[in-house]
Structure formats: C-alpha cells, structure tokens
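Enquirer: Chain by chain, the residues run as shown.
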Amino acid sequence: MISLSHYLRIWLASARYSLIRATMFRGDLFIWSSVELFWISVNVIMIDVIYSHTATVAHWTKYEMLLLVGTSMLIQRFLMAFFWSGIFEMGRNVRSGLFDFVLAQPGDPLFMASTRKLELDGLLNSVVAGGLVIYSAGRLGLHPGAADIALYACMVACGVVIHYSALVLAMSLAFWITSSQGVEGSYFTLMEFSRLPREAFKGVASVVFVWVLPVVVVSNAPARSILHGFEPLWALGLCGATLAWFALAVFVFRMGLRRYTSASS
Amino acid sequence: MIKYGHAFVIGLQSNLVYRWNYAVRSLFWFCHLLVVFILWGAAYAGNPSIGGFSFPRTLTYFVVVFVMQFFVGAFNEDYLISEDIRNGLINQFLLKPINYFAYRLSVFSAARVVSGAFGILSLAVALPFFIAHMDVPHEGWRIALGVPAMALTAMIQFSMAYCFGMLAFWFLEIQGFVILSMAVETLLGGQIVPLDLLPRSVFNVVRFTPFFYQAYFPAAILTRAPAGREGIEFALHGLAIEAIWAFLLVCLAEAVWRRGLRRHTAAGG
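Residue numbers (my numbering), protein chains in the order written: chain S, 1 to 265; chain X, 1 to 269.
Chain S on its own, in the form it takes in the complex (with noise of 0.2 Å):
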C-alpha cells in the first residue's frame, strides 16, 4: 500500500518541477496569467453591464454577485493551478498512446495523471478572484469572523474537487470517443451556471442544476456562507455532492482505463 506521504512527496517533487519550469519561461507565464486576469474582467464586466441597467438580479444585488462569480471565478482559478494541465494533457495522451508514461509510473493513474503540473498563473489569478470576493464583501459592509472564513474556505475546497471531478468526467470521454479536442470547451459551458444565483434557477433548470447537477451548489453555498452565515442544508448539500461526484468520476476512469488500449508501437 502507497502511503500518503509517498504521494505527498511524488506531488512536491511535480510542483517544484513545475515551479522551476514557470520561471525559466517567464514570457509564458507573463501571458497566461494576463490570459486568466481577462477572462476574470470579461466577467466582471458583463455584471457591470447588466447591473448599469436594473437594480436586481433574482434579487441578488451587484456586489452579492460579484461575491458570487467572486467565488465561482476563485474555485476555477485553484482547479486551473493544481489540476487543469494534467488533466487537459490525459485527453491528448490517451488519443496519442503517451498515456503509457503515466501507467508506468508509480501511483494511482488518475492522481499520476492530474497532478502532474502546478500552473503558477493559475495561483496568482486565485488572488485577484479572492481580491473580487474580499472587495465584494467590503462594499456589502460585512466582517465575516475567524469561522466563517474557515467554513468558506472548507466549502471553496469542496467546490475544488468537484470541479475536478467534472473535469475529470469530461476528460474520461478520451477514452471512448475518438478525440476529446474541445471537450474542455464542454466543462466551462457547465460551469457557467455556477456564476449565477440559485433563486434564478426555476421550474425543471432548478431540479437539473440546483439538485442534480453540482454545478449551483458549488458556488453558491460557499458564498452565501459569507453572506448569511452557516445554513446546514446548502453544507450538507455540498458535502454530499462532492462525495457523490468524486466516487462517480473515479468509477467513470476506472471504466474507461480498462478500455485504454496503447497507441504506440
């Protein structure tokens, strides 16, 4: 049995790697953190826009939704720094055959495979999303204590690995269809829901992404755990979800690993 500290140190010998590798191309991380700093504006933008025209959004004022794609923007940001690559990489690898290298290594494929690369821009841009989410907060007047902050934060975890569980879902179509090119595309259409108020969400869109699909309750518990305090429903619902959609996207590349068949000769 591989210990967690085997997979401790295989994870900080990958990030110093990646670390050491994100200063020689300095460039590169130059534009790819410009790249995520736009997108974060594209967002915040967009709520300027609409916000400039009506007072209420389902009854979610301006800066509680900034707090929330804040928040939305902050989960995304620590799944692009620790996850995004390596996963992104499986769909090509599996395609290529090079998904070999991975298999040959010495660990879980799935933890080998996503944890292969910590992206630096990914964590400077987590910054500027929790910078949004500190901003929102301050201009809605609250001073969330020492709990709040650590139930927020155990929640944007929980977020974090349903996000990667997503991702990981998405990704796992490699191993059945012939290219998994813009998949990704896929992931970040679902997750647009997450940038939006539950109370938005009616009728059958609300039994599908409010209580089937995680993609509501990952953004919204965290942040209305800062704006109304604890609500044990949103934390049990969040905990479940995560648990739920870990396991289902472990058995989804479990399933797809054994129809793996090496490309290489």
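Simulated from the structure, these hints should not be mistaken for laboratory data. Just so it is clear, CB atoms sit at the ideal spot from N, CA and C, and this is done for glycine as well. Heads up, a few of these hints could be off.
Said to hold, decoys possible - A few chain X residues that face chain S, going by a derived Cβ cut-off under 8 Å, partial list only:
| no. | residue |
| --- | --- |
| 1 | Ile-38 |
| 2 | Gly-176 |
| 3 | Leu-180 |
| 4 | Gly-260 |
| 5 | Leu-261 |
Unchecked claim - Just the calculated beta-carbon pair ranges, DEER-fashion:
| no. | chain 1 | residue 1 | chain 2 | residue 2 | range |
| --- | --- | --- | --- | --- | --- |
| 6 | S | Ala-55 | X | Ser-54 | 17 to 25 Å |
| 7 | S | His-6 | X | Gly-5 | 34 to 42 Å |
| 8 | X | Ala-266 | S | Ser-3 | 46 to 54 Å |
| 9 | S | Val-207 | X | Val-202 | 37 to 45 Å |
| 10 | X | Leu-94 | S | Val-207 | 53 to 61 Å |
| 11 | S | Ile-149 | X | Ile-244 | 48 to 56 Å |
| 12 | X | Ile-10 | S | Pro-106 | 51 to 59 Å |
Once you have looked at the hints, place chain X on chain S.
Expert: Just chain X now, kept in the frame of chain S:
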C-alpha cells in the same frame, strides 16, 4: 481550383471523423443557451426593457449569435496552423503549387459545413423550448444582407485565426495569445452582452474595430437592433466597413505569412 475542392472534400471527411465532438459541443451549446435564458430571464423580471431590448429580442439575439458560430467560428484553425508550422508540415506546401491560405480556407469551410449541420440540428432541438420567448423579425432584406454579413464574418474570423496561427513562426507557444484574444473578441464581439448595452461612447469606438463584425453585426442585422440601428442604412453602412476589414485582414494574413516564411527553417522530410 480543383485541388482546393479536393482539400474541401478531405476536410469534410476528417471533420466527420470528429462528429461526436461536434455532437458533444452541440449539447453543451444548449446548456450555454440555458445560462443566457436563466440569467437574462432573471434580469428582465420586473424590467420590461433593458437598454432598448426586450427579453424576447435579447434571447433571439443570443440564439442567432450562438447558431452563427457553428457556421462562421474559427474554433481551432489557429492551433492547427501553428501545429503545421511547429511540426514542419508546411514544408510540403512550400514545394507544391498550393496557396496555404486557400488550402486552409478550404479545410475551414469544410469544417464549418459539418459544424453548421450540427448547429442546425441543435437549433431544431432548442427551438421548441425557446421559440415562445423569441421575437423573430420577418423582413426579407435581413436575410439578404445577413447572409453576406455572415460570410464576411467567417472571413474575418478565419483571417484573424490565420494570423494568430502564424505567430508560431516567432513563438513556440501561441495558445496564450489565442485565448487572450478570445477574451477580447468574446466581449467586444457581443457574445457576452449585446453591444447596444455598452456605454454609447464605447459602442461608437467598438463599431470601427473588426471585433464588432465577429458576431454582433450579422446578429444585429438578422435580429433587429434597437432603435437607431434597426434599419437598412445601418446594415449597408456596416457591410461596407465589414468588407474593408475582411480585405485588410486577408492582406495582413498574406503579409504575416511572407514575413514568417523568412524566419522559417525547413528541416527534415
């Protein structure tokens, strides 16, 4: 022309191999439309008009913008071109009487025929859900001017993607530039919010940039823009500017190709 016809047919075949990718994209296009429906539905609750737009007109605008992207969007042409350069695959084009721009345009057209078919399928699935909330104009001239506007939009999108792909002559990694420009194009192209909702001063600047013609302009013709921009004069004036941009970008693409070739070192077979 026959050789480009063959390139088109090969492009059709290779894109049909990826039909499941298009099918998955189409499914998530539907989700994207749902996001718009939910967000703007909530924004319009209690507000019959936002910036001269009603909810049905906003929804119609986004449906047209999204469907149009299946027909005109240069999704990954920049990546394919950069890979050709990086892997030395353009060497074979340098030795043959083939214009690389025309070859890539043929493959791009084939890809858009396939993705356009999926766009129509997606629309057929989505329409029963959304048609009751839409406001589709019936003037014939909108189609007559909207279709050439879409063709010019395709040329603008392709030429820009081509130019970004050419950056591979100078840089090892170009995806950062591509996604950076995508953020700008998405916002200034009117894919996030209809450009009419931007402050007037910003709108007046954006309308003279190529981004304006990447999605907003043909969609505005086809769906009727708010008062002041709903008439045929706005469409004709815009078409003239769009044609100029398309021409300039094709010229730029050719200039970048020539410049890039000077730096290119063909190695290997």
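Enquirer: Hint Ile-38(X) vs chain S: min CB-CB distance below 8 Å?
Expert: holds (5 Å)
Enquirer: Verify the interface restraint on Leu-261(X): the C-beta must sit less than 8 Å from at least one C-beta of chain S.
Expert: With Cβ-Cβ at 24 Å, over 8 Å, it is violated.
Enquirer: If I claimed the Cβ atoms of Val-207(S) and Val-202(X) lie 37 to 45 Å apart, would that claim hold in this structure?
Expert: holds (39 Å)
Enquirer: Regarding the hint that Leu-180(X) lies at the interface with chain S, is the smallest CB-CB distance below 8 Å?
Expert: It holds, given that the least Cβ distance between Leu-180(X) and chain S is near 5 Å, below 8 Å.
Enquirer: Okay, Ile-10(X) versus Pro-106(S) on CB: inside 51 to 59 Å?
Expert: violated (44 Å)
Enquirer: Tell me if the beta carbons of His-6(S) and Gly-5(X) are separated by a distance inside 34 to 42 Å.
Expert: violated (59 Å)
Enquirer: Quick check on a hinted range of 48 to 56 Å for Ile-149(S) and Ile-244(X), using CB atoms only.
Expert: Cβ of Ile-149(S) to Cβ of Ile-244(X): about 55 Å, so the range 48 to 56 Å holds.
Enquirer: Does Gly-260(X) pass the interface hint, meaning its C-beta sits closer than 8 Å to a C-beta of chain S?
Expert: violated (19 Å)
Enquirer: Could you check the hint for me, namely that Leu-94(X) and Val-207(S) are 53 to 61 Å apart, CB to CB?
Expert: holds (58 Å)
Enquirer: Indicate whether the distance between the beta carbons of Ala-266(X) and Ser-3(S) respects the range 46 to 54 Å.
Expert: Check passed, 52 Å falls within 46 to 54 Å.
Enquirer: Grab the minimum C-beta distance from Gly-176(X) to chain S and call the hint holds if it beats 8 Å, violated otherwise.
Expert: Holds - the Cβ of Gly-176(X) comes within 8 Å of chain S, reaching about 4 Å at its closest.
Enquirer: Take the C-beta atom of Ala-55(S) and the C-beta atom of Ser-54(X), compute their distance, and say whether it sits inside 17 to 25 Å.
Expert: At roughly 18 Å between Cβ atoms, Ser-54(X) and Ala-55(S) fall inside 17 to 25 Å, so the hint holds.
In the structure shown, a violation is registered for the earlier hints numbered 4, 5, 7 and 12, in ascending order.
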